[in-house]
Every structure is written in C-alpha cells, then in structure tokens.
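Enquirer: Position chains B and C relative to chain A; hints supplied.
For the protein sequence lines, the chains are A, B and C, in the order given.
Those letters in the first sequence? Residues 1 to 57, by the numbering used here.
Those letters in the second sequence? Residues 1 to 232, by the numbering used here.
Those letters in the third sequence? Residues 1 to 236, by the numbering used here.
Treat the hints with caution; some may be incorrect.
[Said to hold, decoys possible] Below, computed lysine to any residue pairings styled on SDA-like, alpha-carbon distance capped at 20 Å:
| # | chain 1 | residue 1 | chain 2 | residue 2 |
| --- | --- | --- | --- | --- |
| 1 | B | Lys222 | A | Leu40 |
| 2 | B | Lys3 | A | Glu53 |
| 3 | B | Lys3 | A | Arg38 |
| 4 | C | Lys91 | B | Leu135 |
| 5 | B | Lys74 | B | Val223 |
| 6 | B | Lys227 | A | Leu47 |
| 7 | B | Lys3 | A | Trp37 |
FYI, nobody ran anything at the bench for these hints, they're computed from the structure.
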Amino acid sequence: MFFLQDPPPDTSGYMIAGYIIAFFVMGIYVASLIIRWRNLNQDQQLLEELETERHKK
Amino acid sequence: MEKKPTALLVLDIVSLILLAASTYFALVFAPTEAVMGAVQRVFYFHVATAWVGMLGFIAAGVSGIVYLRTQNTKWDIIEFAAVEISLVFFFIAILLGSIWARPIWNTWWTWDPRLTTAAVTELIYIAYFMLRQGLEDPDRRARFGAVYTLVGAVSVPITFMAIRLFRTIHPVVIGNGDPNASGGFSMSGDMKVAFFFALFAFTVIFIDLFWNRIRLGRLQEKVEQLKLNISQ
Amino acid sequence: MTLQTSTTRQPIQSNFGKAVWAVVQKDLSAELRSRELLSAMLVFSLLVILIFNFALELDIQTRRSVTAGVLWATFAFAGTLGLNRSMAIEKDRGCLDGLLLTPVDRSAIYFGKVISNFAFMLIVEAFILPIYSVLYAINLFQPGLLLVILLGSIGYTAVGTLLSAMSVQTRTRDVMLPILLFPVVIPILIAAVKASGGYLTGAEFSEIAPWLNLLVVYDVIFTSLAFMVFDYVVEE
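So here's chain A without its partners, still in its complex pose (with noise of 0.2 Å):
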C-alpha cells in the first residue's frame, strides 16, 4: 500500500505568503532603522552648527 500514498497537497501558496511577510517586515523594521539614523544624524549636525554658532556670540 505504500506506493499508493497521496503526494503532500499543494500548499505552496501559503508558503510564498508566510516568506513575503517575513522579508517584508523585517525589510520595514531595517528601513526604518536606517530613515532614524539618518534624521538623527542630520538632528546632530543641525544642533552642533547652533552649539558653535552660539559659542561665537
């Protein structure tokens, strides 16, 4: 009877699903590690030009 068993149903769809989402939020989750990094860099250049500005009056 072994040779008569049924091949595993077709569920690849929901695997495509499953690994988009993955990548997808993680892909977020980095970009938005990096759109943080960069306002913050341009925060600290902003503020220390003040600082130096300040310092010179």
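Expert: Here is chains B and C on its own, set in the frame of chain A:
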C-alpha cells in the same frame, strides 16, 4: 558623524549572507514534508524568529534589572532596543504561525500556548512603549520602563504555564483538524540541518540588529542632550 | 523594658507596622466619610453584570458555565476603577508626597495601599456576590469560591497597586492602568476562572488544586517583586 565600526559592517554583511543561505536551506535544500506540503517550510523561519523574540525578551529583562541597580542609562538604551527587536520578531513569528495553521487546521488562529503567550507578550511590549511615551521625565521613563519590563518578564512565563495547564485539561477542537495534533512531524536529517542553520543564522541577525539598534539609541541620547543644551 | 520616651529608639518593625497601619487607616476613614470610591465601584459592577446579561443571553444551563468568567471580568473592571481612584486621590491631594517625606521605608506605603485597595475590592465583591446570586439563582456563597476570590484579589491588588503608582504619573492616567495591568494579570484571571468554575460545578479537588497552586505562587512572587521595586516607582 560617527563612522560605523568595521566589525559591525562585517556583521551586517555576514547577517545578510546567512539570511540568504538560511532561505536557501529552508526553501530548496530541505525536503518537502509529506503531510503538510510546502507550507511546512514556513516552520523554519517561524521558530527562528520566535527564537529571536525570546533572545530579545531575555535581554530586556536582564537589562531592566541591571538598569535599576546601576542607574546607568546605557542599560536603558539596551533594554529599549531589546524590546523593540523582540516586538518585531515575535510579530513575524505570530504571523508565520498563523499562516502555517491556516491550511493545516483550517483556522487562522490556534490557542496554542506558545502562540498565545507570544501575543500576550506583544501586548505587554505595546503597553511598555505607551507607558514610556506618556512620561515627560527621561529618568522616570527609564525607571518605570525597567520596572514594567521586570513585571512583564516575570508574568510571561507564568502566563505560558497557565495556558499550557488550561490546554492539557481542555484540548481545544480546532476546525476540521485532529484536536490532538500539535502540528507535529518528525524531522529528517536534512530538515534538521535547515532547522538548526535557521536558528544559527537568526541568532547572528539578532546580534547584528541589536548592536545597530543600540547605536541608534546612543545617537538618540546624544541628540536629546544637545537639544537640552541649546534650550538653556 | 526600658523607660525611654516613645520618641527615641523604637524598633524598626513597629515603625514599619505603624506606617502601614497609618496608610490603611487614612484610606479607610477617608472612604468611610465620602464613600465615593466604593459607590463608584459598586454601581459600575452592577452595570457590567447587566451588560453581560444582555450580551450573553443565556439559558440557565449555559449561565452556570459562564458565571465564573462573568464574575471575574466584573471584578477585573471594577478593580481597575478602584485602583485608579485610590492612587489618583493620593496624587491629587498631595498625600503621596507627604507620605514620602516621612522617614519610613517606602515599602510600608506600598503595603498600606495594597491592604486598603484589597479591602475596597473585597467590600465590592461582598456586595456583588449576593446580588449575582439572586439575579442568576446560583448560590455563590461556597467556601471554595470565597477562597478563590480572596487569592485572586490579593494578586490583582498587589500588581495593580504597583502599576497604578506608575500609571497615575503618566499623561494618560486612567487609561494607562488597564493597558499595563491586564496582560500581566492574565494568569490570575485564567486560574481564578478555572478554580471558581470548578467549585461551582462541584469538580474534584484534584482538578481545582493546580489552579489554586498557581494563584498562590503568583501572589507570593508578585507581592515580593512589587515590594522590592516600589521604591523606584515613587522616588522623585
């Protein structure tokens, strides 16, 4: 502008490579499971992301305790980073668990102890962020954050045990599936390779993200300090 | 036995005990006069029971199986109300700051608040039980059930008092407490509902025992934890 340490750059690249490799192992190398088909492959990332969530959870709890004892803000930064990463990865794990459950048990949610506990942990994390947001004083923010992290860290394992006890006494019949099936399947050798490689890869990814996030937190602290200086 | 005056050299324990008792007395006597907390909690509980009655239109049989759940949902919501008001009163009237100026261990304040919050919760529960019994024709005055209510309320107020001390200092105040409290108090709710349900349906003690165990463990762990960290929550 602080330059990224070379070690971290290397780690970034290594993490990406490991992620790609792990995907290959899970999607190509591992054999297709006989009963569930392709969707079983989701399991490798499901467990690996849950594992990262756990690492973050523990890191948060430990940092909370250390912050309370040392009052050194670097531990607060570490704690916040750990909670954030854990939140993201438990979220992925929960989604993957849901996707895995759907074709197998014909339901989007199983009140499985691990999945449910992960969901409760997510609620605790969200509460944590809301608590911090509602406080003006940074010192209070850090202290309360640490206290709540501690409360959460202690309550989550107890929650897990309670739900498990609940489930052993009352197995829940889910959809058309066998109520006693826990989605179990025996892993062949190749599957084990994919499984453990995923765990390894995601541990490295965790360390990489953690380090990056802590750096971000330090920069944030610097900027806030600069803002305070300017306003004086 | 010494002849020293009472202002010098008192053993630390009696100072602690006195401080705890002072806090409890303050809360209880204030409440006795105004009764604002208890009446709010009571009315709210009755409304919740009413809502559940319409939300879960049930026959007598099914009602018995949900009684435990409805009771504990009611206690949880009413409890939040009490905890919120109790801490808000402290903060608004500046009592908290006054208490903090006294040279006594912060944990005495914690225990004092827990005891008074616990007392308020018990009083409300004592009112709810007969009302519920009458409305639903179920006898709720069983020793087992009363024990569960006791144990559950202890854990709930132990954690709730700690968290309310934090939430009262946030911008969103009242809304913050349930968000913080409910996820963390889930083990109590699970165990209390299972144990209460067990007693109401006359289950074997061996089935109820693990839930009682869980309640006791939770109570012990969280009371000690809250006691240890309360300092961090009230320091300036």
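Enquirer: Checking one constraint from the list: CA of Lys3 (chain B) to CA of Glu53 (chain A), max 20 Å. Satisfied?
Expert: 24 Å, violated
Enquirer: For the pair supplied as a hint, Lys3 (chain B) and Trp37 (chain A), confirm whether the alpha-carbon distance does not exceed 20 Å.
Expert: 12 Å, holds
Enquirer: Decide if the proposed pair is consistent with the structure: Lys74 (chain B) and Val223 (chain B), CA atoms, cutoff 20 Å inclusive.
Expert: 15 Å, holds
Enquirer: Regarding the pair Lys227 (chain B) and Leu47 (chain A), is the alpha-carbon distance no greater than 20 Å?
Expert: 7 Å, holds
Enquirer: Sort out whether Leu135 (chain B) lies within 20 Å of Lys91 (chain C), counting only the CA atoms.
Expert: Distance of about 15 Å is within 20 Å: holds.
Enquirer: For Lys3 (chain B) and Arg38 (chain A), compute the direct alpha-carbon distance and say whether it is at most 20 Å.
Expert: 13 Å, holds
Enquirer: Decide if the proposed pair is consistent with the structure: Lys222 (chain B) and Leu40 (chain A), CA atoms, cutoff 20 Å inclusive.
Expert: 9 Å, holds
When held up to the earlier numbered hints, the structure conflicts with hint 2 and nothing else.
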